[in-house]
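Colleague: Chain order of the listed sequences is A and B.
Position 335 of the first sequence, counted from 1, bears residue number 335 in my numbering, the numbering being contiguous throughout.
Position 116 of the second sequence, counted from 1, bears residue number 116 in my numbering, the numbering being contiguous throughout.
Heads up, some of the hints might be wrong.
It does not matter which identical chain is used: a pair holds within one copy or between any two.
Claimed, not checked - Derived SDA-like pairs (lysine to any residue); straight-line CA-CA distance at most 20 Å:
id: 1; residue 1: Lys207; residue 2: Arg249
id: 2; residue 1: Lys245; residue 2: Pro371
id: 3; residue 1: Lys569; residue 2: Ser594
id: 4; residue 1: Lys563; residue 2: Gln329
id: 5; residue 1: Lys569; residue 2: Pro496
id: 6; residue 1: Lys338; residue 2: Ile5
id: 7; residue 1: Lys563; residue 2: Ser593
id: 8; residue 1: Lys207; residue 2: Ala183
id: 9; residue 1: Lys207; residue 2: Arg279
id: 10; residue 1: Lys514; residue 2: Ala325
What the hints contain is simulated information worked out from the structure, not anything from laboratory work.
2 protein chains.
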Amino acid sequence: MGDLIGSAVDGTLYWIGASELRRLCELEGAAPARAQLLADACRLNALYMIARAGSGHIGSSFSSLDIVTWLHLEELNRHGTGDVYFSSKGHDAPGLYALMIALGQLPFDRIHRLRQLDGLPGHPDVGTPGMVTNTGSLGMGISKAKGMVLANRLTGTPGRVYVMTGDGELQEGQIWESLVSAANLGLHELTAIVDHNKLQSDTFVEKTSSLGDLEAKFRSFGWHVERANGHDFEELGAALWRCQKVGTRPQVIIADTIKGKGVSFMEHTSLDSDVAQYRFHSGAPTSALYRRAVEELVSRHHAQTDALGIPRIQLEQAQAPQPAASGPQQKLVPAYAKALEREMERTANLVVLDADLVVDTGQMPARERRPERFVECGIAEMDMVSMAGAMALQGMLPVCHSFACFLSTRANEQIYNNATERTHVVYAASLAGLLPGGPGHSHQSVRDISAVGAVAGLVAISPSTEAEVARALAWCLHEHRGPAWLRLESVPCEVPFESPDIPLELGVGSVLRKGVDALFIGYGPTLLSEAWRAAELLVEDGLQVGVVNLPWLNHVSSAWLLKAVAAVKHVFSLDNHHAVGGQGDRIADVFASSAARSPRLHRFAVDGLPACGNARDVLRRHGLDAWSLRQRVVQACSLSVDLAG
Amino acid sequence: MGDLIGSAVDGTLYWIGASELRRLCELEGAAPARAQLLADACRLNALYMIARAGSGHIGSSFSSLDIVTWLHLEELNRHGTGDVYFSSKGHDAPGLYALMIALGQLPFDRIHRLRQLDGLPGHPDVGTPGMVTNTGSLGMGISKAKGMVLANRLTGTPGRVYVMTGDGELQEGQIWESLVSAANLGLHELTAIVDHNKLQSDTFVEKTSSLGDLEAKFRSFGWHVERANGHDFEELGAALWRCQKVGTRPQVIIADTIKGKGVSFMEHTSLDSDVAQYRFHSGAPTSALYRRAVEELVSRHHAQTDALGIPRIQLEQAQAPQPAASGPQQKLVPAYAKALEREMERTANLVVLDADLVVDTGQMPARERRPERFVECGIAEMDMVSMAGAMALQGMLPVCHSFACFLSTRANEQIYNNATERTHVVYAASLAGLLPGGPGHSHQSVRDISAVGAVAGLVAISPSTEAEVARALAWCLHEHRGPAWLRLESVPCEVPFESPDIPLELGVGSVLRKGVDALFIGYGPTLLSEAWRAAELLVEDGLQVGVVNLPWLNHVSSAWLLKAVAAVKHVFSLDNHHAVGGQGDRIADVFASSAARSPRLHRFAVDGLPACGNARDVLRRHGLDAWSLRQRVVQACSLSVDLAG
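Excised from the complex, chain A in its bound form (with noise of 0.2 Å):
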């Protein structure tokens, strides 16, 4: 859910190498013991690739590694083969790449590839040896785990399957849409594990959406439950002995644990119950905080060994690399928040909804303003949506927050019924379009505005700078009488331009930098600071390339659009979004259906999966970078002329 983005940990960095945890994994003696130093030493190595990425999520991995490694240990294909596991959250991959590691079952080098090209993606992808599905949209997990157990019984396959499930995830109406049929089916393959660490993206569940008595809940949709400490080995494994005993009917295994174990000031249980805010579910550490968490984990560690009797462990390390010096960045979502707070003073019937992203898509100032009219619905995307939907029939003025990726696809079907109602409903989606690449596909939003364009009156906007962004929210309350789509790239960045301070008219964009030979016409900070940038370099090249900033995604004026592009002969539409369905198909339409002949368009956006990395290489790997645009601009320019000769 959640997925801050942070800095990289500097200084030095430590983890355990490949034959030190070898040698932990082949320990003799007591299985508790084993798993407890295993354990340890993945929170230690899940630590440092966090550090290193610079983002990631610490406190669910930490939560669930017991729980992890015991499974691996102890239980997966200890009767026979074909016994598989998964996390449906998929956020604690860190965790589980970190045991993998261990076990030999990834490469050993990935470590320091956590969120990297071509590296261990954020959330498992299949590409990744040993993850058996792709997870990260919350709430799969058990409809998924149902499929396989469905497939093994039709193919007369062996073995169990285990999903880990978060406990802010059971907010998800699609767990409980699963869980009817398996406990219809009879699917005794399957054990769920809730991960019970009590907090979610922003804070407690209990404050959030409390779940009240889960067990009550399991065993009123027919599965067999259990309960224990999820840091306790001999209580989890009998209540997994127990699960495997039952023969007819699903098991659930509410496992009670801490959010951050391991690392005391990261451990939930050591804050205040009226927390605002976890600090620890995503995001890197600060430095001082990464080194106390490895001092702490380092020396309990050794502890533990010379109580056995064993010698310590090894710890090897290196310098983080250095990141890129960068000057003033633009943040969009902060400027968000702030216009959002101002916006809460001056209308009177705004009411925020949030879906557990509180500070992720910019909400608190507004919450803490105004918290009678701030309504937190959990991760709750559909629900969230419909009642945003009744409320503007009531005259109210709903503005619902989630990242772009899950609220124009899990509520795409409420956004699409509050549409039909004619009523006036934002939808402000923020961690829109390729970046941050760190936390892979299932969060990397470049289909939205194909997702939600069609709905009839939305009107989807993308403003490009910090200043854009305030007159973009108060064109979608004030100005449009219907639903509106705010797009919100939540990367910082680096923008070389100044969006002029004209009012926004619908379907019309601006002038950035002028140009003879041809234009770049795109949307947002990401790719118009390349294109600017590509712009320059041309210069070199002899071409005069303009930039043209349309914050408008699915309404085009052909009238501003044909006298824009008038004099030049190429025009070089950006999409940080898949072609189909981007702005390039509303530039298209106007030329394709112009009577006079227009420039040639030539498309750049994302095509296939977006890839996962930091922002430089992902840019590049999709050809969107400026290097990339001015290489693409300068063959598409002389091959046109070629033609022409």
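Dock chain B against the given chain A, drawing on the hints supplied.
Modeller: Frame of chain A; chain B shown alone:
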């Protein structure tokens, strides 16, 4: 959910007029007797509306009518103003309309205009007086009711919110998602009533996807639970009274009802428990059964009034309008059913998944032939699609079935997630396009291409004849190796052309009719047939207009297209879909990106929300019938001549 396309009843049709209805509403004496007489009168009128429309939902109109009548006569606004009632399932609309007409809340003459243009839509729309929200997409009702309560609280508006759900509808995850915060926020102003009529679209809830202990489920979510006989007014009244006294929690009344209540042979209790199909969920009855039902309703009504010593009800009557004569029709869904059955035999890993629409989506023969490879998921599209994805990972070849409107939107994120696994899953999406227009915009799928078109690797295809259906299914199963969207128009269609029996090639269309002046390019039986007829008419205007069948919706071969249009000046792209995201976008993309001069593109597509009504009226309203197409082509060509001149 299910919405079968039937024929209107012929012969004499009967209804009860406005003054007689008013007499019943104003009857002095015992409330239950009055409610009974009015509810039965409304049954007769609802039946009239459905018989005349040729489609509509008898079963749940009848099961819910006693509850709805009691609520409106005795409960709403009893303690003040501001109470609202709506149905979440929405397909019980004919019953609700009949009641609102009886209460004078809707103009009486609407009784003759169910599912007609500017009449009463098949599912509720806020454009109709008294309809408080748009429903018909299942599972949203409780979320909406919560939004209303929260808005009431914010604005200080008094009133309770009553929402009716189906029982099959409870299979939708959004229902359970929505229960959580209703309890946490103590929304005691909210009463949900489950019309527990034991049957869903296809057959018994128990057989489809049993809901187990419903009371325990709701209780485990923190709701106050009542149970009552939904046809016993005193029991119902007492349960409603207790709900109003709860004061701290939302309440649910599980109302045991009988599907088809009021007409002996329509009542589900008259069925064997192993019947494959309940016949009165959707669609009009036969003329003979219509008359038997009328006789039964009227004679019971007479017996009741006789017993009370009041005058018998007087009926009004008229001859049913004569349906337009039609020639042989092509029916894509039965053709699909046959093709799927054959594919089940030749493809050992093919698995068929259904979401409670076996008949509507053509799975009956496959289910009968290969029950071991048929998975009934209930009304749980998200769960179905994620299960299918996991099965594909295990080497199965799953085909998921639902209506295009639900599959593309409710399971949108799940379809994407599957695609990120690069697996092979087929989505058979029927009821696609503008027609049938009767069910209304919740069911008219004119944005599905947009909603799924940008899913990486997904190919969307729309066959236009029965023969092409089999070829398209075979292509999806045997030629393609990724996700495929098989878009089926369910409405029967007189198809004036034949599709040449040539192998399908991705992105390549076929010429149905040659033309030197212009070309129609489109897909699917409905619009290609209209285009064909328009082309015949256009000969009289001196224009030779060709027709091209391009079944590929999100992939077009540039080389093929540019060659196909080389000789013409105008191309008219036809989308049985909104322009945004439709096939025309892909054509525009090719034209705009071409180095050579392309013909001018004119987009004919569905503008605005799809109109509800019969086929002829709906096509005309959207300018997509042959007559309108002819006018639009003439205008486009002559305008262009003027400009050139």
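Colleague: Run every hint past the structure and note whether it holds.
Modeller: Right, here's what the structure says about each hint:
1. Lys207 / Arg249: between (32 Å within a copy, 18 Å between copies)
2. Lys245 / Pro371: neither (49 Å within a copy, 29 Å between copies)
3. Lys569 / Ser594: For Lys569 and Ser594, the Cα distance is within 20 Å both inside one copy (15 Å) and across copies (12 Å).
4. Lys563 / Gln329: Result: close neither inside a copy nor across copies, 33 Å intra and 49 Å inter.
5. Lys569 / Pro496: Cα proximity of Lys569 and Pro496: none, with 25 Å in one copy and 44 Å across.
6. Lys338 / Ile5: Within one copy, since 19 Å is at most 20 Å while 53 Å is not.
7. Lys563 / Ser593: Answer is both: 14 Å inside a copy and 19 Å across each meet the 20 Å cutoff.
8. Lys207 / Ala183: between (30 Å within a copy, 13 Å between copies)
9. Lys207 / Arg279: Within one copy only: 16 Å inside a chain, 48 Å across chains, cut-off 20 Å.
10. Lys514 / Ala325: neither (29 Å within a copy, 63 Å between copies)
Checked against the numbered hints above, the structure violates hints 2, 4, 5, 10; every other hint is satisfied.
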